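Generate coordinates for the entire structure from the input sequences, incorporating the hints supplied.
Read in order, the letters of the sequence shown correspond to residues -21 to -1, 1 to 389 in mature numbering (1 follows the signal peptide of the UniProt record, and there is no 0).
Mixed in with the good hints there might be a few duds.
What the hints assert, rightly or not - SDA-like cross-link-like pairs, simulated, lysine to any residue; straight-line CA separation at most 20 Å: (1) K110 / L255; (2) K59 / A363; (3) K110 / A76; (4) K201 / L247; (5) K302 / D35; (6) K201 / G257; (7) K110 / S75; (8) K302 / R351; (9) K74 / K110; (10) K324 / L313; (11) K59 / T232; (12) K59 / D371; (13) K54 / L267; (14) K74 / H136; (15) K337 / V314; (16) K302 / W348; (17) K193 / L251; (18) K32 / F304; (19) K302 / V314; (20) K54 / D130; (21) K92 / W81; (22) K193 / H143; (23) K110 / T244; (24) K74 / L255; (25) K54 / P235; (26) K302 / D146; (27) K54 / I234; (28) K74 / L247; (29) K92 / S75.
Derived by calculation from the structure, the hints in this document are not laboratory data.
Just so you know, these numbers come straight off a predicted model, no measurement behind them.
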Amino acid sequence: MFPRFRLRMLVVALVAILTLGFTMQELSTTYDLRVDTTIPKTYFTNVGSRLQKELDLLRAKPAPKVASHSTRSFKAGVPKPAGESYTKTIVVGAKSADDTSWLDIDVPSNIEKAIYAVDDPNAVLHPPANKGREAMVYLTYIIDHYTNLSDVTLFMHSHRWAWHNNDLLDNDSAALATYLLPQRVLREGYVNLRCQWYPGCPTWLDTAVNEAEKPEGALIAKAWSSLFPTEPLPSHLASTCCAQFALSRARITAIPLAEYERLRTWLLNTRLEDGLSGRVFEYVWHYLWTGQAILCADQHTCFCETYGLCFSNESSFQAWFEKRFYLRRDEWQLVGWDRERGAGKKVDERQYDEVREKVNGAWMVLADWRDRALEDGRDGLVRARVGQRQVDAGDGDGKGRLEKWKSAKG
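Dropping the structure here:
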C-alpha cells in the first residue's frame, strides 16, 4: 500500500544501528537467538539507551503532561472544512555542502521551500549571521515573511534522515513533511514534529540545577530575563526534542514582529558559542508559542492527530514499538557478523542468512502494521476519537478522504 516506506524501513534500520549503539545487557531475551559474545561491548555502548528509555516510557503509559507558566494566552485555532487546501512552507537552514535535493524530489511540490544558505552571504536567502544554529534561520524567516506567511510553516533541519525523526515514519524528514496534517497545526497553533517522548519528556531540564550533561539549564536560567523579561523562570522545561516544529499563521502573528526582532538581536549579540545559543532556543520554542513550560502530548494521540497514524488502541500502538525494539537485537547481530567478516573471521553463513531473512520479514510486518494505522488515520472521525476531542469541520464526515492521501507518493 505504501511500498516506498517498506524499502525505507530496511534502510533506516541499518542507519539506526550505526548511529545509536546500546549495551547488550539492556536487551530483552524474548528472541531465542544465539548472541555473538565476541562483539566488542563498546560497539553497542553509548550514553544511555534511547530505545530502551522510549520503551520504558511506553510501558509506563504516562499521562500527557502540561504545565502552564506563562502569563500570556493563545486561542485555539479552527481548521478549514475537510477537502479544502492549505498553503504550506518548509523553512530550513543549510550549509553549501548539504544535500537538500530531497526537498524538491521527495516532498510534494505544493509545499513551498525556503532554504537559507547559512554560510553564503551572497545567497538569495541567508541569515544576518551564521550563529545560533537553526534558531537564527527560523527567526529570520519569521521576521522577513511576517506579513506573508503560509497557512502552515514547517521549521526543519536540512538533513533528510535523522534518529530524532519519528520511527513510525522511518526517521524520514520527507515523510514528516508529506504526512503532516495541517488541521492539527491550525487547531494547536504549535506542533512539535517529534511525537516520541525521549529525549525531552516528561520532565527534562531543571533550571535550578547545573548538570554536566545538560549545561543548557544554567544557561537558560541566566538568559531568561533577557528572553522573557516579564515572565518568571519556570522550575522545569520539557518537550520532545529536537527543534523541528510546525506553526500556524495565526500562532506566529499572535506575537508582535518586534518581539521576534528582539529575540534575534539577543541571538546575534550573545557571547554564547553557536551550539549553546542554538540549544537555548531549542528548549524554549514550545514555551514561546504555547506559554507551557512542560508540553508533552500523549504519544499515540500525537502520531494519530499529527500524521494520521492511528492504531486501533493504545496496546496496539505500544506493541508496534515493542516489536521494533526487540528486532534491533537481530540487526545488531548481523552488524556484528559483518564486522567479523571485515576482520577476516569466519561467520556461519547459514545462520547469517536465517537471521537476515528474519529481520527483513519482521520489518515488513511492521510496515504492514503501520500501513493499517495510516489507512485508519485517513478518517477524521477516527482521529477525533483517538484525540478525545470534539469533531470539527476539519474532520469531514468520515467518508471522504483528504487530498494529500490521494496524491501521496509511494
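Those earlier numbered hints the structure runs against, lowest number first: No hint contradicted; all consistent.
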